[in-house]
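Chains as they are written, first to last, in the numbering used here: chain A, 3 to 337; chain B, 6 to 336; chain C, 49 to 556; chain D, 147 to 443; chain E, 270 to 584.
In short, the hints are calculated from the structure, not lab data.
Don't take every hint at face value.
[Stated by the list, open to error] Taking lysine-lysine and the BS3-like style, the derived pairs with C-alpha atoms no more than 25 angstroms apart in a straight line are:
#1 A:133 with E:502
#2 C:152 with E:394
#3 E:394 with E:502
#4 C:152 with E:398
#5 E:319 with C:440
#6 C:156 with E:356
#7 C:384 with C:333
#8 E:324 with C:163
#9 A:28 with A:17
#10 C:163 with E:394
#11 C:124 with C:135
#12 E:324 with C:156
#13 C:486 with C:501
#14 E:324 with C:440
#15 C:444 with E:356
#16 C:362 with C:333
#17 A:209 with A:38
#18 E:356 with C:228
#19 C:163 with C:124
#20 E:356 with C:234
#21 E:319 with C:156
[Unchecked claim] Partner residues aside, some chain A positions facing chain B, computed with beta carbon under 7 angstroms:
#22 81
#23 224
#24 247
#25 248
On a predicted model such as this, the values are computed, not experimentally measured, just so you know.
Note that CB positions come from ideal geometry on N, CA and C, so glycine has one too.
These are the residues of each chain, in order.
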Amino acid sequence: MTEKSDIVLDVKNLKTVFFTNSGLFKAVDDVSFTVKRGETLAIVGESGCGKSVTALSLLRLVPDPPGRIVGGSVTLEGTDLLTLDEAAMRAIRGNRISMIFQEPMTSLNPVMRIGDQIVEAVRLHRNLSAKEAHDIAVEMLRLVRIPEPARRAGEYPHQLSGGMRQRAMIAMALACRPALLIADEPTTALDVTIQAQILALILDLQKELGTGLVLITHDLGVVAQTAQRVIVMYAGKKVEEASVEALFAAPKHPYTRGLMASIPAVPASGVPAQARLNEIPGTVPSLVRLPTGCAFAPRCKLAIKRCQEEYPPLADWGGGHLAACWRAAEVAEVA
Amino acid sequence: MTEALLEVTDLTKHYPVRAGVLRRQVGTVHAVDGVSFALGTGETLGLVGESGCGKSTVARSVLRLVEPTSGQIRLRGEDITHLSKAELRPHRRSMQIVFQDPFASLNPRMTAGDIVGEPIAVHGLASGKALEARVAKLFEQVGLRPDQMRNFPHQFSGGQRQRICIARALALEPRLIVCDEPVSALDVSIQAQVINLLIDLQRQHGFSYLFIAHDLAVVAHISHRVAVMYLGRIVEIADKDELFRNPRHPYTQALLASVPIANPHAKKIAPLVDGDVPSPVNPPSGCAFHTRCRFAMERCKTERPALVDAGAGHQVACLLNEGTGRPNAIP
Amino acid sequence: AGPKQGGILRMYHRDSPANASIHEGATYSVNIPFMPVFNNLVIFKQDVAQNSMDSIVPELAESWAWVNDNKTLTFKLRQGVKWHDGKPFTSADVKCTFDMLMGKAQQKFRQNPRKAWYNEVNDITTNGDFEVSFNLKRPQPSLLALLASGYTPVYPCHVSPAEMRTHPIGTGPFKFVEFKANESIKLTRNPDYWREGRPYLDGIEFTIIPNRSTAILAFVAGKFDMTFPTEVTIPLVKDVKSQAPNAICEIAPTNVSTNIIVNSTAAPFDNADIRRAMALALDRKAFISILFEGQGDIGGTMLPPPNGLWGMPKEMLETIPGYGPDVKANRDEARKLMQKAGYGPDKHLAVKVSTRNIPVYRDPAVILIDQLKSIYIDGELDVVETANWFPKIARKDYMIGLNLTGNAVDDPDQSFYENYSCGSERNYTNYCNKEIEKLFDVQSQETNIDKRKKLVWEIDKKLQEDVARPIIFHSRMGTCWQPYVKGVTIMTNSSYNGYRYEDLWLDK
Amino acid sequence: MATIDYDLELKRAGANATGGWRRVLFLARRHVLGAAGLVIMTVFVLTAIFADFIARYDPLTVDAAHALARPSAAHWMGTDSFGRDVFSRIIHGARISLAVGIGSTALGGTIGVIVGLTSGYLAGWFDLVFQRVSDILQALPLLVLALVMTAALGPSLPNVILAIAIPLIPTVARVIRANTLALREQPFVEAAKSIGMSEVRIAIRHVLPNTLAPLIVLATAQLGSTILTEASLSFLGLGIPEPYPSWGRMLSESAAEYVRTAPWLVIFPGIAISLAVFGTNLFGDALRDILDPRQRG
Amino acid sequence: MFAYLVRRLFLMLVTLFGISIVIFFLLRIVPGNIVDILFAAAGYVDPADKVNLEKELGIDQPLVVQYLHWIGGFLRGDFGYSYVSEKPALQEILPRIPITARLAGLALLFSASIGIPLGVISAVKQGTKLDYALRVFSLSGLSLPSFWLGLLILTASVAMFGQMPIFNPNPQTWLEAFATYAVPAAAVGFRSAALTMRITRSSMLEVLRQDYIRTARAKGASDAAVNYHHALKNAILPVITVIGIEAAFLIGGLIVTETVFNIPGVARFLVEAIRWRDYPIVQNLVMFIAIVVVFANFTVDMLYAVFDPRIRFTD
Ligand SMILES: Nc1ncnc2c1ncn2[C@@H]1O[C@H](COP(=O)(O)OP(=O)(O)OP(=O)(O)O)[C@@H](O)[C@H]1O
Ligand SMILES: Nc1ncnc2c1ncn2[C@@H]1O[C@H](COP(=O)(O)OP(=O)(O)OP(=O)(O)O)[C@@H](O)[C@H]1O
Ligand SMILES: [Mg+2]
Ligand SMILES: [Mg+2]
């Protein structure tokens, strides 16, 4: 167990729901986790399982209506963000906690200069002159390795290439040296060479600033290469949490197991052409009409009667490896 | 190799950049610059490359959805490069495309059933009950429930939308399906479902695929041969095994090395190339990759390497080691 | 207290006149603002409400005399009168003016609507600078009345008609300053006016406000000293009185008749029965009660007494078909006539009622259509734009039309010749009855007023019985002014003659 | 953390109103103003259709004896200076005013859609010519155009409709063209091409339906404004001629003379016009919100 | 950029040329000419006089000749004489232009300065009572016939102050000048303020859902900064477009306002001139208006570039 002071973020029983016309939508259901200083926590899970909403909940940016955080606590460096008033929350956003959004391409204001957007973030939280803030902005751009940062600071987003825009986003997110950085699929839709550049950059900066990092991604390869700990979400719930080594070595939840199995083999290892991939049969249930028991049960090969009736508790299966499955112990053997 | 279904020779697509009173052309986007390849019946050719290197343009040119600037496209031996829209219409039955962005390529105001049934109706192949039955069968084929025919695109998940696109492409039972990044936005489990479906269909019907993707692992799974593009040109093309085992072009090597491996004990991420992709409006002189290449030599800045045979059906465009592209040592 | 000198009279104007030349116009939109610029040879006394031969007084003429068996009218002219540009006024100016009006001069008016007034004038002769004679073909006593109208100013010889349209020069009490189309007309006191001590006003300013509500509101708000004369409808007079109780409003006949022009050259109104039926169907009281809250006059061609000098007495009027008090009986008769002509409850006659697209024309037309319904006539309103109205009437491209006829002078010569004589340009219906025409001349030469009256009544009755141009009613309109405006006289049998404004003063 | 009333929130989101009437009712409750607009529009349309049954008097019959009667049991909205029943005239006026509103919007809209679609879809010389023509129409002031047209053709119902519809064409066409240009580049249009659909069919089946949302909003906004334009034309003496009772003319003519002495002549047509414009616009706003996919719960 | 300007200028000329043809022939389609109307005012028609007068004014010539004569003169700066007032057309037109220009400018200012902030508020508070209230307020602007609104203002001012703001050609004080123009401008501006507000609202609603707004919030920016600094700047383009179109249509709206408030501007003058078939006035005036409108459009396009750096005029 780590020292308490080491913990940057402590999320307890977070619950975010959407009130939609098709019903109550439990996008995040009772999710807890912690992030330590300098640590990278990865969140993986099926598309639509609530990863982005979890991230937005931390910043209290869930669109309301229809969304609402209905329970739990988000403690950042000792303060519960959910009880703060809006002004105090504003002082924390962008300052202690920053986010790189899922779609960096559309997340920059198209009619503001890159530099000004960073300057704005800086001046909102630090009492600096325009000149000083501008210097910091240029410095940040240099830090994310944008060539000719001074000139680029005066340009508009559309004048930058996609890769540069993402770096600008990162520069902006890190400008106030936040205690916590949330990166929501920062590299989807990029080819692997650029992806490698960007990830390396984030990790470097994280190391330098000691920032806690929450990394949301589909790419299990990226998870394996960057994270220390992983949580796996399914249908709004955390179904498994473990250190990255433990998870990849022996996943304890059948869904995680299925995910792992679906990963196409690394090209160099010489798979035969036309090899079928393993897939998880069935589809994700609608978050509105979740089954009473385990949400994954209808697709699970190991499902037993109990799975349909009772939701399994998140239990520790040794060494901080949490999993919510009645048959977690058997997962490794059966598959 | 089987008889060639599709032959693309020297395909070039330049988008003009216009300006001025008379909208004179002041520049050119060299989106595709002399691309040649062939695709046999029942074969899958993987096409990989950076974002913006011209993959989609190749795909759309093949179907004559964009008019190529020059070059030739032959379908089953017939030159379709210059056919008129009307003459082309019968050929549309034998080639179909699955677009890069599944959501955008579905008309938000049509039901899934209508979307899938439309090609059949347009070509007058069936109507009424017969049409409905055919669409229902297609839905089942791609793993959708026929009762979902009445739903609108926004009611489907990403993976399901992708399958609607595939069902639409299959509706005409084409010989050739161009798949433009059909899985890039999906998570691995859904991605696996789609890939498996494509493989199954190919086995059953002998379809040919031109398969475009970022993810090399996916390409490795589905393709027989793989072509690597960089800035409008094919820089390397080879049988899949050969390519992955023995990448010759420095860009291919960088790509392969950058793939994150889903194993926390494996080598950590370390970018092999730096810098941004150059603009296709002003492509660098000589070898377009020289601005980012670790092995760039003086020659590379002026001389443009041609795609040459490097043995074992392996073609590569690199000046390194007399055009074999093989570096002396991989660091 | 006596009249005070000074002050500018502020008045609004209902529309922008085509130009400033009184002789080329036929609307009091021109007379009202420009009459103060001019003088006539003779004029209807400006402070007598009813125009008559007796109220004619000299103006540029000092005196007049009928000589040569009443075939020559000689004027002695006033001396020392100056045009506004400083040139002296002489008999040559008078000759020039009337030669032009008769179309005999070198210079021509662009338009000359009252040429027919001088049909009986042979020529004009001068005798020295200050005597001028009108030589007539036959005696025409009422020529003097025509010369006394506001429509008959004397123009200077040395100014071209074109200039008179844009910058009129006169001898009158006020000098022209400027005329901005759609904006304003400004006149200023003529310090050299021949009449000692006149005018009282320093000037007159007309602001052109075509929108009646705005204009009335502005008057109520005290922006104007006076409304445009005879432009305030009866409901609006009430409105003004309710908002500005101090304002003085006078309602008077305008000598403008609302009538129906009938195209008797083509079916269906070539049928005299149908014309008569139409005349019988009219409920004149209803028109007056709706449009004037009862304050209008029923009469023939001539304005009825007491305000009119020549109108038929009531008893005589009621003998004319359609004028009888029993509307129901009239209409029963009308229906019989219609049935005779082949129409009935099952077979209605469809008729187009053409009129101009102006409320004073349109509103009576609406009532007319409604009344015609009672005799199996389905009227449809056909509103015609100003530009097309006269060409359309001239083409005889109408069945019946609703028309307004203004009479500048309350004199039979003016009304009869202008509107009913064969070949007159303003005889829109081309009504032509040689017998009646002879009677026109007889009454015109008659010097005995009583005899002439009898003749005129006979003619008028005939005209109405022929349904040539059935008169529906004679309208009345109001004029309002602020209490401090003194010396205003609203004439009761003409709305064209009372605007010299030299006696008007402001008690402020 | 404030307690949350789940049921209330869900009700607000319309959770139990998924289909049919319940959904309509829910939308009506959520878009109160829009529903009100729809009700107003419906009432007016029904009024126009059944005017003959609703009106209590013939709207054209003159009645000298009862001119300028105050509103009473006999004449609900009083009578005008001709003694015509104002209520009946307003009821029949709905026909005229809605004919102008709907007629000119439909005419201008239809031509605008065809031109805009063709122009956006065909591009090339047609587009170039269209753009110039619409520039020209736009630079000619709308009312001036209407003025000249009614002067040229004479003031009649069809002519007023035409005069108001013509300036509408470039506005609609521009919106549709801009949308079409954007839609033309949409992958689903390319998808339609790839299955061998003809251009015309693509334009009608794929492009047109996707321009419907802005079109409906534009059309409802225009519908109101054409009623006002007719009123302005009437004010300038160029609207629908007597004796047909258009609201615009009823208002513009009485406004001058009877504001004070017979205010009912001004108030009721004024209310009718305002309500109609109000209704169409409210409904248009709500439609915009409902059709906006991101606005859906 | 320069090439773009040249191209725009060329297209503007094409448009103006088109307008000159349209207005010229449109006027000739309208039945009746000045001569008919003069005779109508004189109450009779004399065919011989009519022919003379037509000849004098040159309207008996073939249309093409008349057109060339006019447009040739127009290009040389010779605008001919008004048929009605017989004064140089320019002398009639020129003094009225500043009046209408001031009125239109003030109206636009009014429209923008009321419409935009209210639109922003309404969008930000979407679905609240405030939003409803503002929308009802703005709709009332759209649903009042403008002549009616004008008359209401006049009547109310007479009833309450015993005064009315009627046009004063020579305002003595600055305040008087303002009153002369401000009230009528407000009457027109109210309507377009309502329109501006609705467009702003709808445009803001689009923008407020964009990712970069979320980014701004994530930075910790205040609501005001987010709404006005980030959102409005992105939402302003359609608003500018509408204000631009309004500017063109304003001439139409001003006809009624100038009539009600009796302002001697070009709009009412134009209507009168059409009524009189005073071709030299109508033709030249429409051309002047068209030039203004075409330049207004051009300005709007230029403003696009100011507000949106993505728009660069290289085409
Ligand atoms: N504004 C919203 N209104 C209604 N539902 C929403 C909204 N935003 C998200 N959701 C729902 O919440 C669920 C969780 O969404 P979220 O964006 O967190 O998914 P995710 O795990 O990030 O998926 P992906 O990998 O595709 O980004 C989804 O099912 C989504 O439909
Ligand atoms: N219609 C067009 N006009 C001008 N340039 C275009 C057009 N379409 C594509 N391009 C340019 O051509 C180049 C190749 O585009 P293409 O879409 O083929 O890339 P891609 O390889 O499919 O990229 P991605 O992986 O992002 O899909 C790009 O630089 C693009 O900007
Ligand atoms: Mg997400
Ligand atoms: Mg692509």
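Checking each numbered hint in turn, tell me which of them this model violates, lowest number first.
2, 4, 10, 15, 22, 25
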